[in-house]
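S.K.: Protein chains in written order, with the numbering used here: chain P, 1 to 364; chain W, 1 to 424; chain X, 1 to 535; chain U, 1 to 70.
None of these hints come from the bench; they were simulated from the model. In this text, a Cβ means the ideal position worked out from N, Cα and C, and glycines have one as well.
Interface residues of chain W toward chain X, partial, derived using beta-carbon atoms under 8 Å:
{"#": "1", "residue": "D29"}
{"#": "2", "residue": "E32"}
{"#": "3", "residue": "P38"}
{"#": "4", "residue": "A60"}
{"#": "5", "residue": "E63"}
{"#": "6", "residue": "S109"}
{"#": "7", "residue": "N137"}
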Amino acid sequence: MAEKGIINTKQFVWMLFIIITPFAAMQIPGMLIMQAGRDAWLSVLSAWFLDVMLAIVYAYMGLRFPGENFVQYSITILGKYLGRVVGILFPLFFLLVCTLVLRSLSQVVDTVFLPLTPFNVILVTAFLVSALIGRKGIEVIARMTEILGPLYLLSIVTLSFLVLPSFHIARLKPQFDQGVAPFLVGTPLMLTSFGVCIIMAMYIPLCNRPENGFLGKLSAVSMGALVVCLVTALSVGIFGMEDAQYMTSPGLELAKMINFSNYIERVEMVWLLILVGSGILASSSMLWAFGQGLAQIVGLKSYQSLIYPGALISLVLSLISFPSGLQHTNFFHYTFPIMAAFVETGLELFLLMAALILHKRGTT
Amino acid sequence: MKMDKGCLTMRKLAFIVVCISLLLTGCWDYQEVDRLAPVMAIGIDSIPGSKIILLTVQIASPEGKGGSKRTGQQGGGGEAYTVMNSEGKSLSEAIHNLSTQSTRRISLSHCKIIVLGENFAEAGIGQILDELKRDRNFRRTDWLLTTDKTAKEILEKDIELEQVPARGLDLILQNFTTLGRVLPMNLSDFSARLNEESKVSFSPLVQLEDIDKQVTSQLEKAAGRSLESAGRPKTLTISKTAVYKNLRMVGVLNEDDTRLHRWLIDSPKGSSIKFTYTPQSPTEEVQGEVMLNIIDGKTSITPQISENGITMNIAVTVKASLSETGVTGVDVLDPKVVAQLELQAAEAVKLQLEHTINTAQKEIKVDYVDFAESLHNYYPVEWKQIKDNWDDTFPTVEYRISCDVEIRNTGIITDSTQQNESEE
Amino acid sequence: MLPFRSRKRKKPPEPELNQPLATEATPENQENPSLSSSLAENLTTLQSVFANCTDLVYRELKIGQEQVPALLLYMDGITDEKTVNQDILKSLVNIRYSNPEGSGFNNIGMIKSVFMEIGNITEISTIGEVVEGVLTGNVALLLEGDARVLKIGTKAPIGRIVSEPITDGVVRGPREGFTESLRTNTTLLRRKIKDPNLKLEKVVLGRTTKTEVNIAYLEGIANPKVVAEVKKRIALIDVDSVLESAYIEEMIEDKPFSIFPQIDHSERPDKIAAGILQGQVAIFTDGTPFVLIVPTMMLHFMQSSEDYYDRSIYASWIRVVRFLFLNFALLLPALYIAVTTFHQGLLPTALLINIAAARVGAPFPTIIEVLTMEVTFEALREAGIRLPKPVGQAVSIVGGLVIGEAAVQAGMVSPITVIVVALTGISSFCIPSYSFALAIRILRFGMIILASTFGLYGMLLGLLVMQAHLVSLRSFGVPYFAPLAPFNLKDMKDSVMRLPWWAMGERPRLTANNTNNNRQRQKFFLKPAPPDENG
Amino acid sequence: MTALIMLAALAIGLVEGIPLGKQGQWKELAVMSILLGIAFLLVMGYYLGLPSPLVLMERLLEPVGKAIFK
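So here's chain P without its partners, still in its complex pose:
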């Protein structure tokens, strides 16, 4: 196989965590609050539960086909041609996520850090750095997540403590005000974001202990859910549901609220830096997964040369697809969840069914 790196369970956890984290910085919490209102944090929890259920499927498939990722086992299950057609959807999905995540983060950077700098320049630099890291392979990504992941978790917990004085629990009440419908609609929206960590199927074959796949995912998603849950609950509790739902980045607004006894204030940029950093890192993982998956489908010896072209396609897509931030948000809100649900849940369950019916099993 092209990738020779090996990751350990700890790195596996942090990598998955970093995959989820950028969503806390982007429009997702805002959208979620728009859908689920005060029940947003409950939607996060239920999405967490469903995602853990899904993780069982992925972990099981990883063990059933040892040493193979979903691109490979879709070929094993469905044969040379159909398998490749199904298998290529995963790398393409990662490329799409990379496109959306980097575009989203660049928008935040553009509005908050550098309002006068052309948006395209920010986008290009983000893509450049992310491709550079992605090309260095999984070990480098894994080690960087090991540094950034704990930093991120620490920063968001600190943030929560610092904004707690402005938190009004009454604004989170009453739960289920509009019935359970908003909560139920919010769940799939959140699930599709958590679902991006189906990238675990790419990592499991490289794990030194693949049997820990499920536990790793469980802890990563739990931490991720905690982060998103904190951001949504705190935004509703501080800004009120009506204000929070229209924010482009509630997490950022939260950080701007920090004013701890008048000395610790104006630190939102520090927080945002960590966030953008982890977003770029997540995109590197996506680009890596794209290159790796594509290389396996075509049967290449090395994937490194595909990273930069992949990043270029992704860059072009994010440049030409959305004329404005609004379109991008709409895409994220209405189109992405459908596509994500199809790839993350539909395809994998289909593969599971096929494997069970056709009695396919990996070779040990």
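Let chain P serve as the given structure and place chains W, X and U on it in line with the hints.
M.R.: Relative to chain P, chains W, X and U alone:
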């Protein structure tokens, strides 16, 4: 994985070339700090009936900061701040118009005070609120103040002991967050409250008062002669609260109501209770004005819906320390007396709270005491029916106040050793 | 397409791991004629080899009753005159022995075994060996009628005496430092580690300089793979000169174009001994007090040997401070630029006004100010190091005035820039390793450029790229950024903090041999405690 | 922008492609060229006014999304 060294170098070279070309074209957002005009406070006025916004900004000027430290340079002097005015159809237009007179780039990221003039507040603040929330430079921690005059007057006024008045206002409001009688209101809370069920919000009212003159005239009256006075200028004071309903200012709470309003919706902490102590047994003769400082306290509003209608149960618990007894003879070592003090304090609190709620129900007729929100929280289903004509229902809502005062300590002395005035 | 040409460069053949070391592999033996048994002939040959070497001494003498002609050959100066005169000449002249068989005194083995009062004697038989022996400070004894030559070890103990090292200063700790003499250096090491497992393998590098290099490691504790890798890489070195260990360092490091040093060096025997004891491999080079030690991780550059002699609490605190100032040294000027020229909203209001007041009337943009001051500072530092000590002091005084008071007085730079640059300078002195500090100094300029283009976002990008590079580096198979990433809790005991010695039960996993039980240093929590007073 | 993207594609093609060619990894080179070609086509399509694939997806799926989410 093993790379050939040559191709690695080539890629690095390419990367460096790309980076440098990107860097050399950069610096779009580069802005020297001394070319900035940091706005510390903005004030918004309007003329009734017109859509023009009159903007006043208070800009800190570094040159005036106690004289410049560098020798041989244009040494200091000058005011620590300047005030600029502009007008426009909207806030952002007015801000843009400022650039026609400013040599420096207007920077709003340090603005902490937003003052709304009376005319403007009464005409409706919806558009401004939207712009304040949308502009990345304003923070949701910025203080929102209303004035009963024009914002321009307020922002042109110096504050004692502070070089930049906006900083002074900021400090006053910061002190209010932990202690004090007025509930300071930042943009975030203001906006969140306006979005809540009652659509009511409020902000502290900043006033210009000639305290010097007031004190002098009272002293003159007492002395029966005219006094010499330094004639200090008018002072900015914050002691009242402006009430907004549906983005419009609808009323002003006076000082007592402001204080008790904060008790009701926030906590009594930092406030005080003043009442006249009447001894229980007629044998004791002493009566005194007693003052309790509140150390800690909690207010909770619990609604109850029954066939009779809506009743709000307001429970106040207060932990206080005795700060003055007015006269001697109040034997604070006697537990009975202390119990009496506690009971009477509770009664006083009840009366005052009732007055405040009455003001809300009968005079201003706006639910700024959070009844709607607690109804919504406790009875979400019933609330949907009440909601539509809440404005009519609110004045008729019954309430029950229970107050529990606990005296924790008596200050650093126990009993006063002063001679009673009457024994003189 | 010039840059691509380098790809075509043929890689040197990969040596087998068990291949003998370079000295034995050199093809000298083939083109190296044997000595003849005629002394005159040998003399002619040697004279032609050493033509114009005026420092070569030919001492002819006759030995024994038969008066056999003999020749002593040595380099003046690098041999010990006293030994030559007192021990060698005396014992040769005093030979009154006559071969009973009357065949003349031609047995060089007899001199070696019976007469010579010297310990280090070897028999050699080729011209090349004679030449090398003489050049490395030995005395060659040639005898008429014998094709063998005695190489008598009389290396002169020239060079400094062992003194306190200039770099790596400590308040508490041994005061001795390595010298230029290889043997002295290995002696210093041997005196600390008295264990036959301490192996010192000799390699001679440099076709012209013939520098002796010793590879020192503790067998059983050093990772055999690392040892083999070090030997392999050193064996591949084929240069004409090695004057300092840096030659070797650049040859064997993993990523030659990386900005970070990947091999640590030290002048301190205790530091090298400590490294060897935790499984590292030291490379001694003759002629320099700086000993290389591999594999090196980034954290090693942030540690001083004194950390292990101070109490662990202080040592941990100092390490934390060092890390703080490492970040300052790298980021402070960039942060200053980013915050004051891009993100003024980030500054507290009072600070913003103060900075603006300090900058009023400043003629240059902040970025130019900072760059100028930083470059001036670099120049000042360089000037201070190279010049003779008394002048160096004058330079720093004058320079301090220039970049300090005068520049501010003249209104050229704002005082805050001076503060920032000075603080950065101090911070960079907090990094114990000079070579690592150099890397940080260069990166600082990169950060300044990035910050002046994209503000904090640029700094983030720079940090990400730097971090990606750092974690992708390896030094002899050991991840450079370990134990932080890949994270290893057990190795964290001696990283940002240092646990007390009684808690460091295991050698670091990454450097030490992992295959046997030698990882254990001592019993866990072996802490002789005072008697329990209650019990 | 189109020109810049093409330039970037060219640069990537050179930097990544030449080593691949030298190592004889023709398959990798082919896949890489196809990817660069896709990027190129996307840009050209945008230049000529064709919608991006994501926009097509959006047209297809947005009604579904709008039906589910607010």
